[in-house]
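A.B. asks: One letter stands for each residue in the lines below.
There are 4 protein chains.
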Amino acid sequence: MSSIYGHTFTIDIFGESHGSNIGVVINGLPSGVKLDMDKIQAFMDRRRAGGETWSTKRREADIPRIVSGFYNGRTTGTPLCMLLDNADTKSKDYQQGINRPGHAEYTGNVRYGGFADPRGGGHFSGRLTAPLVFAGAVAAQILEDKGIYAATHISQIAGVFDNAFDLVSITKQESDRLKTMRLALNSEGCKQKMEQCIMDAASAGDSVGGEIECAVLGVPAGIGSPMMDGVESRLSSLIFSVPAVKALSFGAGNAFAGMKGSEANDAYTMDGDKITAKTNNNGGLIGGITNGMPIVFRTVIKPTASISLPQQTVNLVSKQQETLKVQGRHDPCIVPRAVPVIEAAACICILDMMMERGH
Amino acid sequence: MSSIYGHTFTIDIFGESHGSNIGVVINGLPSGVKLDMDKIQAFMDRRRAGGETWSTKRREADIPRIVSGFYNGRTTGTPLCMLLDNADTKSKDYQQGINRPGHAEYTGNVRYGGFADPRGGGHFSGRLTAPLVFAGAVAAQILEDKGIYAATHISQIAGVFDNAFDLVSITKQESDRLKTMRLALNSEGCKQKMEQCIMDAASAGDSVGGEIECAVLGVPAGIGSPMMDGVESRLSSLIFSVPAVKALSFGAGNAFAGMKGSEANDAYTMDGDKITAKTNNNGGLIGGITNGMPIVFRTVIKPTASISLPQQTVNLVSKQQETLKVQGRHDPCIVPRAVPVIEAAACICILDMMMERGH
Amino acid sequence: MSSIYGHTFTIDIFGESHGSNIGVVINGLPSGVKLDMDKIQAFMDRRRAGGETWSTKRREADIPRIVSGFYNGRTTGTPLCMLLDNADTKSKDYQQGINRPGHAEYTGNVRYGGFADPRGGGHFSGRLTAPLVFAGAVAAQILEDKGIYAATHISQIAGVFDNAFDLVSITKQESDRLKTMRLALNSEGCKQKMEQCIMDAASAGDSVGGEIECAVLGVPAGIGSPMMDGVESRLSSLIFSVPAVKALSFGAGNAFAGMKGSEANDAYTMDGDKITAKTNNNGGLIGGITNGMPIVFRTVIKPTASISLPQQTVNLVSKQQETLKVQGRHDPCIVPRAVPVIEAAACICILDMMMERGH
Amino acid sequence: MSSIYGHTFTIDIFGESHGSNIGVVINGLPSGVKLDMDKIQAFMDRRRAGGETWSTKRREADIPRIVSGFYNGRTTGTPLCMLLDNADTKSKDYQQGINRPGHAEYTGNVRYGGFADPRGGGHFSGRLTAPLVFAGAVAAQILEDKGIYAATHISQIAGVFDNAFDLVSITKQESDRLKTMRLALNSEGCKQKMEQCIMDAASAGDSVGGEIECAVLGVPAGIGSPMMDGVESRLSSLIFSVPAVKALSFGAGNAFAGMKGSEANDAYTMDGDKITAKTNNNGGLIGGITNGMPIVFRTVIKPTASISLPQQTVNLVSKQQETLKVQGRHDPCIVPRAVPVIEAAACICILDMMMERGH
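Residue numbers (the working numbering), protein chains in the order written: chain A, 1 to 359; chain B, 1 to 359; chain C, 1 to 359; chain D, 1 to 359.
Be aware that one or more of the hints could be misleading.
No farther apart than 20 Å at their CA atoms in a straight line, the calculated lysine to any residue pairs in the SDA-like style are these [what the hints assert, rightly or not]:
hint: 1; chain 1: D; residue 1: 274; chain 2: C; residue 2: 317
hint: 2; chain 1: C; residue 1: 260; chain 2: D; residue 2: 195
hint: 3; chain 1: B; residue 1: 90; chain 2: D; residue 2: 72
hint: 4; chain 1: C; residue 1: 319; chain 2: D; residue 2: 267
hint: 5; chain 1: C; residue 1: 260; chain 2: D; residue 2: 72
hint: 6; chain 1: D; residue 1: 260; chain 2: C; residue 2: 327
hint: 7; chain 1: A; residue 1: 274; chain 2: B; residue 2: 358
hint: 8; chain 1: B; residue 1: 278; chain 2: A; residue 2: 323
hint: 9; chain 1: A; residue 1: 92; chain 2: C; residue 2: 73
hint: 10; chain 1: A; residue 1: 278; chain 2: B; residue 2: 325
hint: 11; chain 1: C; residue 1: 325; chain 2: D; residue 2: 279
hint: 12; chain 1: D; residue 1: 34; chain 2: B; residue 2: 113
hint: 13; chain 1: A; residue 1: 92; chain 2: C; residue 2: 72
hint: 14; chain 1: A; residue 1: 260; chain 2: B; residue 2: 203
It is worth saying that the hints were derived from the structure and are not from the lab.
Chain A with its partners taken away, still in its complex shape (with noise of 0.2 Å):
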């Protein structure tokens, strides 16, 4: 089932980059829930491009429309549809056959042999993850009320970094913080550097890729279930859906790969009359269950593939080579957009797993 996520909440995203709408059902929603629009529409601007360096010049209200599931301020709990406008679309810069390298169109012209809506990426585009934001700023109050909350930081653009999460003790006043800056830092101390490397990419024509460090707060232990209902599997399910996202780890990650296990392990200890680990290397999470420390992983996301430098491709029409240039409006860099939807999915997927154990 191709754009469903979800056992118990889900989500089923439809519409393409310049068609006259996009948007997401969601079914399973808990009913009597009332929805503070505003701060949806906060969680929603996070992601709209607002006239930074690193932002396309397309410029979408995304302000959320309703049609159903929705009544009197409160879900009724049967299926919820939010539909989005694409107002400001410049579909002539998209020709039929165009092949950007990087970008799905010769994928996806195979998988659908060639009726794919080539405009803008189509289904394909990043656009697609502001219903995904909608659904995620949703989940996200549900978790609130339960004193869970997702922080979010950009842990790297090309080479700059960002000073990591303490796996042990984020608070909820870094994710409020994070939620209020465009740029999501634990350290404004790189912000300068940062913003030089994506100007510097912007105006040589090019692109950079990064790092989103996510962690989660507040979800009890033993969430999840072991092999294929693992909180890992179900997660990384989702978070590979969002365009460019093309690595995943959890807790001490990849550094796993040199460590020792009297390292690696986390030791347990009594917190008052509570079990809890003195470390969390393994990023709240051991085989596949939660274990009452922050679930904390780091997603890469790549570089944007439009970029205005001359490429090598194959006209998929003409099949002829031929140097491209790619038109459009486009991110330098997506990664300070990226960093609500990754978060938006974190809050999808713990809600979905926390419903489904009768939370």
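Dock chains B, C and D against chain A, hints included.
C.D. replies: Relative to chain A, chains B, C and D alone:
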């Protein structure tokens, strides 16, 4: 659904480390497939402990017994159930309440209210990868008939690195050669150093982690779908089901974070009358869909949690802090035996996704 | 997943009777399908209220607006979302707490804690069958290209019976003819009596039920699977999703209970070089799998729950017993308008199951 | 997924009539459930052939062997696998190419390309209902702890009718009593006539069909969802998985077709401080959701396909028309032994749906 994976070709794994049997039910097998049981046994033997430094002393014959779905040497197309015996178990090594850091005793205890089978890790045990390997061996045979081969090697153990695959030009010969090696390496140059590294850890009562690189060759372009049914999404959910996996990356993987778009994008060219990519940073996958290049991914395996060095923990029954020296028989490094497990998982996922597209 | 159906060709229906929009997201559509919108409209018009005795006074234009998955007159293969407007709503007819016997207000109230949209039945309304019919009309077009046609008639209304289908020899001509009739009947002989029956109920402030017989012609042998993925299992789960359906039978159906094996078994014979059955008591299905004969089933529709005769009930808010005379605009008999709904459901199921087998 | 059922509590059934083993894997069992194996055996014994007129001469001990998910007398919460032996098989009765009318040999042959196991019907055999009954017996124990009981009787065999359940006031006592009877009947009055009816068919080399009525008592209001996840949808998909089932109706069922709304609607009243229905024409289900009344449904079982009277058929291998006299050991009437099967299916579905709602 806890231990079920797949849409069309599905596996349902059951059993515990010290129960009478472990096994797998495979649904959706094509009918009429001749299974070469010797080849399946050879695949399973790659996972078996074989007396090497890095292997547990527990020895299981692991001879698959097929009880359904197989008639006159061919698959019937109806569910195939395969059983393995647990013969060499020493359950007295495991007491109720034991809480080994890095293992799932604590999380499993919360999840299952104290009723999970504690012997040898129960359903959380790496032993459960044996039926996964069986299913992967079956899938591999079907894929080979379509000209698809997997090649897998140890890319790192504890800071000792093997040569990486050339992302563009991996061959069936490499796939064949790697299958014959107890320590699957592209270059023998690092072999001695890796073994030493494991032996050192073992003699110190410690363990080491590592990384595995896997490539799947010959998958046609056009397999997968955008978003939730992308190959990365589907593969990751199975790879993270394998115990001890903590990171997964595709193609250039983590290196994308530091790359420019002009370096990362894979330019297209014509190869005869076929469009092909010149490079393979995307690991054969763009927009969730195969582009005909090798599918390449890396998996980080954390160090074996079981170490005999003393560790701080809290007993689950007494709730008392205690110093634990893990008993039982374990691998000081699980990476070599995880190689066929990761390969099996890749074969299962790719076959499932190809069958879905009518292949 | 509450309002999602299908494995390969999936539908996700959303909306409420009096919300701004209802609609459906279709995943898994083949790409490149030319949709004949006139034909789709004609299918939807069969369901619309048309001023007959048996129809509600509510009139909706029900002109489908496709917002995604459709480009240049053809399906793209990515999710197709279709919206319908709710224009002619009179929500003041519905007060909170109203509990109409035979309707889902009470059960919905318990299920959703009082937060379901009460206006016009909300998500429980028969109005939600409009997007189902759209999806069925799309499926029907794809099936017709494979030589598969559905034929559906009213087999009974309140004790007045139409001639049954000949289970062996239903034709495309009957399918075509039935699609043109407001009261879809094999024999016009019973038409006047049926209409009278409905008019009598209407003038008494009452309603009547009935039965619908549907046949799907041209489905090749070999579709379906034993046990849980049998055609009966998959079709029944969608047919019972249609509001007011309370019984379903295949082929000889209820008559099987009184038959002998020697009467019930369908003998085989050769038809040219093809094996075929001489009779069709099994309704085209044996062991969950099609045998190439028409798939034939009957569906019982309960009388419209909304009647203006006084009824005893308990108000959901006041918990007081009260005598209710249902207001609002309703069909004294829903059976004629349910004919295209049942046909749509059959087309959706059969297409889904055929695509699964690679057709 | 061919032989998998359920969302939260799932069953995966495997095996063939004459293979070494048949069995079931249950995922999603709550942990810590004490299983009363005697009670499970008693449930399974209700399905076993017991030497009566209506039973096959094949005798299987059907003693369940649990190989996983069960430790120290309680469920662990991880997958439970149960195996049964096929001991009393006479495979020589079945030749390749045999095509018994009413059986699935022809459809299975097309579906599986001639590779299905032909012995005793293979995976299509009624033998596969034994593991279904095991899973149902497990579910029944869990339901009983919640005060939920199923009662099932033969409502008809070949035109001989038992008294129907009173839809409003079925009791646990009736449930208990019916479980003890080899011929489960509300009224003993029809017993002799039914038996005679079966004996007559048997001595004529023929078989008879019938109908089973099942009620589930004590299910709270609010289980289920509108549309695709309604109880009728979910239950029907499992009931139609049982071989030989050809019709299913809820509550007043087929009678609805001839009823008026004023007769069909179940009026509400107060029972203490609880809303309840005065009648139960809807069989406990409105809008797909339970209303707290008994869930009541009827299932039509076609006559046993295996009869020794000569039948016209076509051999699948030779493609020659031939006259067949079915060999092998069969039940002249499968209805009595289908009673616990239908009850098991009901228990599995209801438990699955209750667990989904957090019960």
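A.B. asks: All hints, please: hold or fail.
C.D. replies: Going down the list of hints, with the structure as the test:
1. 274/D x 317/C: Answer holds: residue 274/D to residue 317/C is near 13 Å, not above 20 Å.
2. 260/C x 195/D: Satisfied, since the Cα-Cα distance of roughly 15 Å is no more than 20 Å.
3. 90/B x 72/D: 17 Å, holds
4. 319/C x 267/D: 14 Å, holds
5. 260/C x 72/D: 49 Å, violated
6. 260/D x 327/C: 18 Å, holds
7. 274/A x 358/B: 52 Å, violated
8. 278/B x 323/A: 14 Å, holds
9. 92/A x 73/C: 18 Å, holds
10. 278/A x 325/B: Satisfied, since the Cα-Cα distance of roughly 18 Å is no more than 20 Å.
11. 325/C x 279/D: Holds, at roughly 19 Å.
12. 34/D x 113/B: Status holds; Cα separation ~13 Å.
13. 92/A x 72/C: 15 Å, holds
14. 260/A x 203/B: Roughly 13 Å separates the two Cα atoms, so the pair holds.
Checked against the numbered hints listed earlier, the structure breaks hints 5, 7; every other hint is satisfied.
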